[in-house]
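Those protein sequence lines, which keep their order, are chains L and E.
Taken in order, the first sequence gives residues 1 to 486; the numbers are from our numbering.
Taken in order, the second sequence gives residues 487 to 1008; the numbers are from our numbering.
Note that these hints are calculated values from the structure, not bench results.
Remember, it's a predicted structure, so these values are computed and weren't measured experimentally.
Please note that a few of the clues may not be correct.
Calculated pairs, DSS-like style, for lysine-lysine (alpha carbon to alpha carbon, straight line, at most 30 angstroms) [what the hints assert, rightly or not]: (1) K975(E) - K933(E); (2) K374(L) - K655(E); (3) K365(L) - K601(E); (4) K932(E) - K374(L); (5) K932(E) - K365(L); (6) K374(L) - K171(L); (7) K115(L) - K171(L); (8) K115(L) - K374(L).
Okay, the calculated bits of chain E under chain L, using three or more residues with CB under 8 angstroms as the criterion [unchecked claim]: (9) 524 to 530; (10) 662 to 671; (11) 911 to 922.
Pairwise CB distance ranges (calculated) [claimed, not checked]: (12) L292(L) - V957(E): 52 to 62 angstroms; (13) I908(E) - G416(L): 41 to 51 angstroms; (14) A785(E) - D367(L): 53 to 63 angstroms; (15) I541(E) - P200(L): 57 to 67 angstroms; (16) G416(L) - G943(E): 52 to 62 angstroms; (17) L658(E) - K78(L): 46 to 56 angstroms; (18) V281(L) - Q679(E): 24 to 34 angstroms; (19) F506(E) - S375(L): 15 to 25 angstroms.
Ideal Cβ placement from N, Cα and C applies to all residues, glycine included.
Listed below are the residues making up each chain.
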Amino acid sequence: MSQQTVAAAFEIFDDAASVATAPLLTIGVGVLLYLVCDIVPRLRAARGLAFCGTILVALFFELRILGADVVPGLVLDKTFHADHTTALFGCVFLLGTLLAWAYSVGYYHASKPFKPEHDALMLGAPAGMMLMVGANDLIVFFIGLELLSLPLYCLAAFKRSRIESVEAGVKYFLLGSFASAMLLYGSALVYTASGTLSIPGLLDADLSSSTAVAGLALIAASLFFKVSVFPFHMWVPDVYQGSPTPVTALMATGTKAAAFGFLVAQVMPLLPPSGAPIVAVLGLVTMALGNLGALVQSDLKRMLAYSGVAHAGTLLLVVAGGMAGADAAGALNATLYYMVAYVFTATGAFGLLALMEADGARFTKLDSLRGLAKSRPGVAGAMALFMLSLGGIPATGGFLGKWFAFSVLVDAGMIGTAIIGALLSVVALGYYLRVIVVMYMQPASDVEPAPTTQRPMTAGIATIVCGVFVLATGLLPSLFLAPLAG
Amino acid sequence: MSMLVWITFLPLLGAIGIAFLPATNTRLLRQAALGVTSLVAVLGLFLWSSFDGSIAEPQHGFVRDWFTVALGAGDVPIRFALGVDGISILLVVLTTILMPIVVLSSHGHIEHRVKEFFVWLLVMQAGMLGVFLSLDLVLFYFFWEVSLVPLYFIVGIWGGERRLYATIKFFLYTVAGSLVMLVGMIALIYGLQSSDLMDLIGRTGELPVATQTWIFFSFALAFAIKVPVLPFHTWLADAHTEAPTSGSVLLAGVLLKMGTYGLLRFGIQLFPGMAVSYSSVFLVLGALGIVYGAFLAMAQTDLKRLVACSSVSHLGFVVLGLFALTEPGIRGAVLQMVNHGLSTGLLFLLVGMLYERTHTRMLDRFGGIATVMPLYAIFFVFTVLSSAGLPGLNGFVGEYMILAGTFEASPLWAAVGVTGVIFGAVYLLMATRRVLFGALVHDANKKLADINAREIGIMLPLCVLCIWIGVQPNTFLDKTAGSLDALAKRVEQERIDQERGQAIGRIEFDAPSATTEGEESR
């Protein structure tokens, strides 16, 4: 490398870039720190501190961007950007990771010796997510996606004593790599047609050639795989069910939020408006498949997996609305709000399942929740709150998320789609309510649940945090909307 | 701070407070719930006395910014806006004074999980009051959906044998309607860039007619399901029958009124033009509801189900009166909402008292009850007569005004409605005969205890109101006069405008198009 390029590299890395990438760098340093703590016997006790500290410092940097009037914007040769939206996404990723980790503390019994590796992998995941939503270049996005996916592949298979977990890991790895390959191939085609990989460049380029359209379709397809949209949703139930539950929480919320963030902010403006009806139909079919699939499940984890598919369908309707001419900033804000609410709700719901499993339940059958309202009113109350939020009942964030999503559709003039979507979400309430029915309205089963193991306090705190955020997103939306308005 | 904020949130504070009381001390829980609801009732009476019925605009307004949404062209402020006017005052006060009665009536049948019951009851009260008091579309929807959840629990936990089926059916039916309404509501807010109800009233005409039409029907669907108007009535019979007595009283007394209130507020007041254009649809559905509900009631063998079906019939009257779109019709309908709450509430209380003693609701298990429970019989006959519309009691005033108002608009549907009065008398009196009179054939019924002081105390205030409305309805009608007069005038103006518009259309366009229009209007 000549001296000039090195100098140029330093020139690129200006003040704005350092502000924008500070959270990412913090995570990188944090992972190393964590590993050091793990190696040095005297520092082992500080591992938890290292994990939380890293997240909190990164959170501080994100909040700094969120609170600033002047945002870094496009940095690093226009490959990465940081503004209020990405900062809010970043905060959500970091909090989501912290929550998933909190639930994982008491979760692993058999694989306990490997818990540090687990934590290190988990700590790396939000870096990938933040890179994804901030990416303004297809290659940067690809790096972010891999940075997120590789830890998740390992984490999915982490409960090695269980065959389902291993199966989940392998399945996720194979199909995920396939999706990554599609993304790369799509990027290559787009590059062939336009000569650029940067999103701002692509916005100016002519993308009407068949090569470019095929490339964009492949990129969209790989994103659809990541967010589990029909017809790329088949892997979801198996992988979600087989993975260790705290990992499922991270997978279901983080991946979806990051991929949708990039899809709506960067890819959506590239897609031709004529594709909007196709995307809308895909969204509706995804909602229908997710909801109908969830309706027949007797396993809660599987049910929540299908419910995640349905939520992806709703967000895809937002993408369709944005393609059809709705205000792009409105679509991005709607996606963001929906995801903020969903991350806390779903993490909480999966987390409570993790608690149940840690208490000895081999499977997360719906019936094992019977009479929970009586035996553990706190857990049942939190679960009921999360179910109502997933179902979009007011006073919870799920409602406002749905409100904003439908607003985008109305903005785009897609009234019919909005009404069908609304009716499909009625189906969803069918299974969310069933969980509440089982907990509150059916007597406890004869088989007594296994005695409660020592439950770490972190899980309780995590549940409270999720509950507070679910209610805050439902009652005080200005808290989350105000930074975006500027 | 406005009194309305206290009325809405005091129940919620009460619910939070009760949640921290010990679950085993049911006596304390009952007293606490009674205390909170009584306090709210006193506030309701204060509101009543300070409310000026001659003013059309909302009173006791309270407005705070809540959040802002960017919709299309500009930022729309969503506000926390409460206010009470002649359309809502009766229902608000009814909700506040019915609640202590509901709490007292829970004594006999709510014996387990008492704490949860009162928490949900109070949350529901807050939700219902919020629905009637909201002057912002989003806030209204917020309370509308929130009020669903408590009833879902009340029916699902303390209900009868088929409670799970009934409660899920109730929830899904209502939610299906409200989600379609949500899309319509967003489109309305988006189209007019405002979520302020008072601002939107009078501006809906700015939207294209096609948009107005579908938004109107998206609202109407949600409310029609809630009322319920004819094809959507099946959830009601199940929910009513399976709900515990106190739940049924609440359901009949207030919850169904959310539907008729919505039809009046968001159907007629918000879209007067659409209401005029499509009034015939609702007249037909209302009249059919009256007759069909009455036939359903006649065919029932379960006393509680019979009362539930009678609700369909009685609410048919309310819908008929509302969409007659004449002044007496609308005022009668608003009064009839209260009447139905009182009479049907009483009927459910009476059915509940009998059920607690006999553990059956089957009509053929009764007969001759009057000989063992004479006091009960007095109240039963009184309530049945009030429900059937005996002159001098409340039902008569409401039904008379509705029918008179409907006759002005459409003699045919008024005539159909009148048959409902007759059928109503038939099924109610038949039920009375089968329960109270005849020989006391069942041995189990021979040792029934008559109603006690508490039960009389619960029913007495409602009976007093029944007589009061029957003898001196103006006490209540005057409170609604200002708002409803203004509303009726606006609707009348709209009707004249539409007719003139059609007339102009006939003159301006050539003959063939005029004939097609004439055919349509026929």
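We went through each hint and held it up to the structure:
1. K975(E) - K933(E): Violated: K975(E) and K933(E) sit about 58 angstroms apart, past 30 angstroms.
2. K374(L) - K655(E): Holds: K374(L) and K655(E) sit about 25 angstroms apart, inside 30 angstroms.
3. K365(L) - K601(E): 29 angstroms, holds
4. K932(E) - K374(L): The given pair, whose Cα atoms are some 40 angstroms apart, is violated under the 30 angstroms limit.
5. K932(E) - K365(L): Cα-Cα ~50 angstroms, so violated.
6. K374(L) - K171(L): Violated: K374(L) and K171(L) sit about 39 angstroms apart, past 30 angstroms.
7. K115(L) - K171(L): Satisfied, since the Cα-Cα distance of roughly 22 angstroms is no more than 30 angstroms.
8. K115(L) - K374(L): At roughly 33 angstroms apart (the allowed maximum being 30 angstroms), K374(L) and K115(L) break the hint.
9. 524 to 530: violated (count 0)
10. 662 to 671: Satisfied; 5 residues make the cut.
11. 911 to 922: Coverage by chain L is violated for the region 911 to 922 of chain E (0 residues, Cβ < 8 angstroms).
12. L292(L) - V957(E): 52 to 62 angstroms: Hint holds: Cβ distance 57 angstroms, inside 52 to 62 angstroms.
13. I908(E) - G416(L): 41 to 51 angstroms: 45 angstroms, holds
14. A785(E) - D367(L): 53 to 63 angstroms: 38 angstroms, violated
15. I541(E) - P200(L): 57 to 67 angstroms: 59 angstroms, holds
16. G416(L) - G943(E): 52 to 62 angstroms: Distance hint for G416(L), G943(E) holds at roughly 55 angstroms.
17. L658(E) - K78(L): 46 to 56 angstroms: For L658(E) and K78(L) the Cβ distance comes to about 50 angstroms; the hint holds.
18. V281(L) - Q679(E): 24 to 34 angstroms: 30 angstroms, holds
19. F506(E) - S375(L): 15 to 25 angstroms: With Cβ atoms ~20 angstroms apart, the hint holds.
Violation of the numbered hints given earlier is confined to hints 1, 4, 5, 6, 8, 9, 11 and 14; the remaining hints are satisfied by the structure.
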